Amino acid sequence: MDELYLARARYEETLKNDPEFDENLDFVLFRDHGKAIARPYYYFKKLMKKCNIDCTKHVWHDLRHTYATLLDQNNMNMKVVSEILGHYSEEFTNEVYVIHKPEVIIYDTSEVMNSFIESLKLDSTERTIPVYDISFIQEYLF
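Throughout the sequence shown, residue numbering follows UniProt numbering, covering 1 to 142 in sequence.
Everything labelled a hint here was simulated from the structure, so no lab data went into it.
From a predicted model like this one, the values you see are computed outputs, not experimental measurements.
Certain hints may be false.
[What the hints assert, rightly or not] Straight line, CA to CA, 27 Å or less: simulated DSS-like cross-link-like pairs of lysine-lysine: (1) Lys101 to Lys45; (2) Lys46 to Lys121; (3) Lys45 to Lys121; (4) Lys121 to Lys16; (5) Lys79 to Lys101; (6) Lys121 to Lys50; (7) Lys57 to Lys46; (8) Lys121 to Lys57; (9) Lys45 to Lys57.
Go ahead and model the full structure; you've got the sequences and the hints to work with.
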């Protein structure tokens, strides 16, 4: 219970000292400016730290730009890329999401991804990431 009091005190202090802090959300645990800590964000930061990548320079949303750029570099139809990302037009996706700077290089990560996927396999003897079977109740699904 002490942790909740400390978290609330941190919230109140941040609210008082940061004019950009979003006071309307009122979360006990929060990120910068009062936003909720989402599960993908948490795992993204954890993975970035594990890979020794400075997580203060990259955010979860950067992955959408990388994804769009990789699909474009592999000649994926821009209309399809736009639909996958949920954008209103392929022009928007191409102009805003695809990185067109020649100095930006996206490295081939196939070796890293293959290692990661291998670690997830149930029969892997070198499992580094635990895999859990989480049962669910059908009526709770949307």
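Checked hints:
1. Straight-line distance between C-alpha atoms of Lys101 and Lys45 comes to about 26 Å, which keeps the hinted pair within the 27 Å bound.
2. Note on Lys46 and Lys121: the hinted pairing holds, with a Cα-Cα distance of about 20 Å set against a maximum of 27 Å.
3. Distance hint between Lys45 and Lys121 is fulfilled; the C-alpha atoms sit about 23 Å from each other, no more than 27 Å.
4. Distance check on the hinted pair: Lys121 and Lys16 sit about 48 Å apart at the alpha-carbon level, beyond 27 Å; violated.
5. With a CA separation close to 21 Å, the supplied pair Lys79 and Lys101 stays within the 27 Å bound.
6. Among the hinted pairs, Lys121 with Lys50 is consistent with the structure: their alpha-carbon atoms are about 20 Å apart, no more than 27 Å.
7. A C-alpha spacing of about 14 Å is found between Lys57 and Lys46, which places the hinted pair at or below 27 Å, so the restraint holds.
8. Simply put, Lys121 and Lys57 have alpha-carbon atoms about 31 Å apart, too far for the 27 Å limit, and the pair is violated.
9. Distance check on the hinted pair: Lys45 and Lys57 sit about 11 Å apart at the alpha-carbon level, within 27 Å; holds.
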